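Undergrad: So the chains spell out like this:
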Amino acid sequence: MRRALRNGASDREVSHVLARTRRDFLREAAGVAVGSALLRPVWARAAAPRTKRKVVVVTFGGGARDQETFMQEGQENIPHLMRELIPRASFFTQVVNRGILGHYVATASLATGVYETFNNFAAVSPESPTVFEYFRKDLKRPSSDAWVVAPSNGFNRIGESSHRSYGSGLGARVILPKRLLSAATSGSSHNYQHLLRDNYETPYYAPELAGSEFELQQLEMLLKLSVDDFKSHAQTLTSPDELSVYIARQLMRQVAPSLLWITLHDIDVAHAGAYSLYIEGIRRTDRLCSELWQAVQEEPEYAGQTTLFILPDFGRDSDEDAGGNGFQHHRTGDVLSRTTWMLASGPGIRENVVFDRAVDSRDLVPTLGAILGFHASLAQGKPVGEVL
Amino acid sequence: MLPSDLKSEMFAGYAVEARKIVTAHLPTLRQMPLSVLPGLLRELISFDFKFPAERKARERELDYLGSLSQAQLKECFHDFSEIRLSRQLEEFEWVKLPGQFVERLSAQLWSTHQLDAFRKASSDYADRLRAAVPPEPPPIPRLGISVIGQGVTSYGEPLFRKLRPHGAYFSGIKPENGLRQLLDAVAVRAKAHPLSYGHWYVDGGEAFACEPVLACVSYEGLAGARAALLRKMQEQIEQPGMGPEALRSFLAQLRPADLGMERQGADEVLHRFEVSVLTEGSGTQIFSTVFAQWAAREALRRAQPVTMLVRFAPRQRQKPMNELLSASAKAPAEVDVIGSLVDGDFAAYYNWLNQQRLVGAEQSSFLVWFEGHSQALAIGPTMARGTESRSAADLQQVLGWMS
Chain A
1 MRRALRNGAS DREVSHVLAR TRRDFLREAA GVAVGSALLR PVWARAAAPR TKRKVVVVTF
61 GGGARDQETF MQEGQENIPH LMRELIPRAS FFTQVVNRGI LGHYVATASL ATGVYETFNN
121 FAAVSPESPT VFEYFRKDLK RPSSDAWVVA PSNGFNRIGE SSHRSYGSGL GARVILPKRL
181 LSAATSGSSH NYQHLLRDNY ETPYYAPELA GSEFELQQLE MLLKLSVDDF KSHAQTLTSP
241 DELSVYIARQ LMRQVAPSLL WITLHDIDVA HAGAYSLYIE GIRRTDRLCS ELWQAVQEEP
301 EYAGQTTLFI LPDFGRDSDE DAGGNGFQHH RTGDVLSRTT WMLASGPGIR ENVVFDRAVD
361 SRDLVPTLGA ILGFHASLAQ GKPVGEVL
Chain B
1 MLPSDLKSEM FAGYAVEARK IVTAHLPTLR QMPLSVLPGL LRELISFDFK FPAERKARER
61 ELDYLGSLSQ AQLKECFHDF SEIRLSRQLE EFEWVKLPGQ FVERLSAQLW STHQLDAFRK
121 ASSDYADRLR AAVPPEPPPI PRLGISVIGQ GVTSYGEPLF RKLRPHGAYF SGIKPENGLR
181 QLLDAVAVRA KAHPLSYGHW YVDGGEAFAC EPVLACVSYE GLAGARAALL RKMQEQIEQP
241 GMGPEALRSF LAQLRPADLG MERQGADEVL HRFEVSVLTE GSGTQIFSTV FAQWAAREAL
301 RRAQPVTMLV RFAPRQRQKP MNELLSASAK APAEVDVIGS LVDGDFAAYY NWLNQQRLVG
361 AEQSSFLVWF EGHSQALAIG PTMARGTESR SAADLQQVLG WMS
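Chains A and B supply the protein sequences, listed in that same order. So the first sequence is numbered by our numbering: it starts at 1 and just counts up by one. So the second sequence is numbered by our numbering: it starts at 1 and just counts up by one.
In silico SDA-like links for lysine to any residue, alpha-carbon gap of 25 Å or less:
| hint | chain 1 | residue 1 | chain 2 | residue 2 |
| --- | --- | --- | --- | --- |
| 1 | B | 232 | A | 122 |
| 2 | B | 162 | A | 74 |
| 3 | B | 319 | A | 235 |
| 4 | B | 120 | A | 119 |
| 5 | B | 120 | A | 324 |
| 6 | B | 120 | A | 98 |
| 7 | B | 162 | A | 320 |
| 8 | A | 231 | B | 318 |
| 9 | B | 319 | A | 237 |
| 10 | B | 7 | B | 42 |
Hints are computed from structural coordinates only; laboratory data are not their basis. Keep in mind it's a predicted model, so treat the numbers as computed, not measured.
Work out the full structure: start from the sequences and follow the hints.
TA: Now the structure itself:
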């Protein structure tokens, strides 16, 4: 692979080499088969009726590179994905993000199926309709059926676009667990500071909250969680993403939304430049993905009728690009930082199969539309046929 | 305003040497596209405080461009000319604030999907420049040394994994006086081949006594400047309406005097470098391992030294960013020695990569040592790749085998 990168290969060639490399490592390590859309059996269709189907989307934590994950040297960092999830999933080795590589704007692009172009650090809504709006408007679902659990104050407007045909009142409800904890501890948050780390993208700055937020009183009403229980459980956790997963599990148990989007972010500590913290973040995210997978299997409302998608919003800069500083940032826009992967698992989805054709990160929303039965009319991607 | 409108009086605010080089090449600069010229001005505006290698590179670049005909210049910058810029960018004060222009340009390239085109144009231009004005080889082969793992008593995981395929792994190093041997070797090289900013010693903790022939930078030596910087950052963050971009612009304007570094007879070039490490590097203000890696990267990229010794020290344990920012005046922070070893191990790989990006890479050597322990790895033209030696040897011997 390195040879291909150094010999001035085209971006497309490099992406393909990356995809093949991932596939080969996965085949060796997890024993996966190479898939083809044409060979898909007829029986492999979703069993549950559309009205009962659920989707959980997890964004894999703020950008991780191949070499710390699916390459041979990195597989030790993702034991849960390798041993538990990939054998039960279809794995796409080449998901390309051609948009802006900032976490909020890129996650918004994933959620709209359009490459959003707003300022990554601005407290604005996506301009194109989000998957939550398509879902709720087309299928006439209540607000309680679409939720986002987001890591940072900067993500609080991701649930609803500013599009005039959608937007106001049609979006997802957004929980910012850190905001919730901050409110629950009402100023005496000293023992919880490790869970309130925010916005690693520029490590020193946490954006102010703007837009609608999950109210503290709903903690008890909706999540059936007392402030004391919440605070006491939070003390047992070690990172913001652990707090997010805890809230997501509570949400699954008590509200059981049909469309749940969880954005993990711990890995983005890499911006501070300490490699050990970046690796720690990957290992934690790997474990949390497994916990979410377990939750899907265990919760009666989800078991047997839920499709789980796990994908990073993008990668990080390559060591080879002198313009960057390797794992620390995602600023060069090089091929490695744009090429990532996606894992899909659930009823009707082929297991232990790897696909290395190029998938665009905008394809996620139309794919969710095809699974849940809505039409993402303004999304620019195409449904991923291999999971339908 | 467009580059064709440039006049020499517009550079009145530039320092003496910067003004001189810009006005001498004004006819060339006027023919460059706006998508590329402010990037060059960003380098030239601080010309007075650049390292000799940077000055020489800029002079040679401008001489080369000046030697091209109008048609050749147009062809040279054709791909940059194709980049579409907004009216706001054209109207920006890019002569006075080229760095801020480049930040805005970057945002626009991302949002208009022109980043790939710009990357390709930049890469093609760099190739062309390298072919026309090849960088001069170093007077002696480069030597890089990284010392990692200070304070670690034992560590069971394999080290130097990224570097092992490129060199010889030693597991029988005699650690006694190892650091002293390395420091002496570096000082001997520097004295034998005196070069302005050609020999560096970067320490992530407190530096050993620094020989005057070395450019020395240390994390502890900048404790006062770091504390001043963190205070300023806190003040800025608390300002209403402050955002990451405004904070970055604020940091870019800081000078040594702002951080209390102004001293009689001080080395202004080195002080400016130190300030840039603290203000442009992410995490350099709070994690000593990150400081050491970024300082080495920037010194290699900018000063292109022939010797680079980097010693990593334990960094403070991770805490919420607001605590890290405000911790400067409080009790000594709890350190994470194992995390720092992992950081240093990977940073040593980056130190080697950054050294190998410089001309003369095939003759360069690199040594990494687990401080106080028996493990080291040596890379160089005389060292067999992917090999292992368990023989007892001290670091002086290993350095001898590398030369």
